[in-house]
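Asks: Sequence:
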Amino acid sequence: MLLGLGVDLLSVPRLEALISRRTAHRLAERICSPRELDAFVSLPSRYHDPSTLQAQQTRFLASRWAAKEAAYKALPRWPTGWGWKNLDLQYTARGSPMLELVPPQGRDAEADLDPARVGLMLSLSHDADMIVAAVVAQREGD
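The numbering used here runs 38 ahead of the 1-based position in the sequence shown.
Derived from the structure by calculation, the hints contain no laboratory data. Careful: at least some of the hints might be erroneous.
To be verified - Using 16 Å as the maximum straight-line C-alpha spacing, the simulated EDC-like pairs for lysine to aspartate or glutamate come out as follows:
{"#": "1", "residue 1": "Lys123", "residue 2": "Asp76"}
{"#": "2", "residue 1": "Lys123", "residue 2": "Glu107"}
{"#": "3", "residue 1": "Lys111", "residue 2": "Glu138"}
{"#": "4", "residue 1": "Lys123", "residue 2": "Glu138"}
{"#": "5", "residue 1": "Lys123", "residue 2": "Glu67"}
{"#": "6", "residue 1": "Lys111", "residue 2": "Asp46"}
Model the full assembly from the supplied sequences, consistent with the hints where possible.
Replies: If you want it as structure tokens, here you go:
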């Protein structure tokens, strides 16, 4: 059963302005799941040039911001206690983005957002200074 469709268009310069006020690491701590935060923290080991690292950190955060905003719009209900950290963006071996729901620690999945029953399909596109994300949310078994 289709639950919803969400789309987000993000201006990368707008996110860069936010990063300049807060730092990339503080923003990552605010919006990233634990697994995403681990990946963000490991970026300096892969990118040694400061300008390349900054660009990759911005791209990393921009992708997650757009994807999570689109998912928030696609889901008809967002339970109390859930937030952007409960959405985890990873990539398949082929490079396709995938978005998963992760219940808050110490809590069972809400029936409406049980990761075993709710699937999120994500498409991301980057072009120049814009990122667009589209998420389709569906519940299996209905």
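Asks: Lys123 and Glu107: Cα distance at most 16 Å?
Replies: Within the cut-off at roughly 12 Å; holds.
Asks: Check the hint pairing Lys111 with Asp46 against an upper bound of 16 Å on the C-alpha distance.
Replies: 9 Å, holds
Asks: Holds or violated: Lys123 with Asp76, Cα cutoff 16 Å?
Replies: Roughly 13 Å separates the two Cα atoms, so the pair holds.
Asks: Given the hinted pair Lys123 and Glu67, is their Cα-Cα distance within 16 Å?
Replies: 9 Å, holds
Asks: Take the C-alpha atoms of Lys123 and Glu138, compute the straight-line distance between them, and say whether it is at most 16 Å.
Replies: Holds, at about 11 Å.
Asks: Straight-line Cα separation of Lys111 and Glu138 no greater than 16 Å?
Replies: With a Cα-Cα distance of about 15 Å, the restraint between Lys111 and Glu138 holds, given a limit of 16 Å.
In this structure, none of the earlier numbered hints is contradicted; all agree with it.
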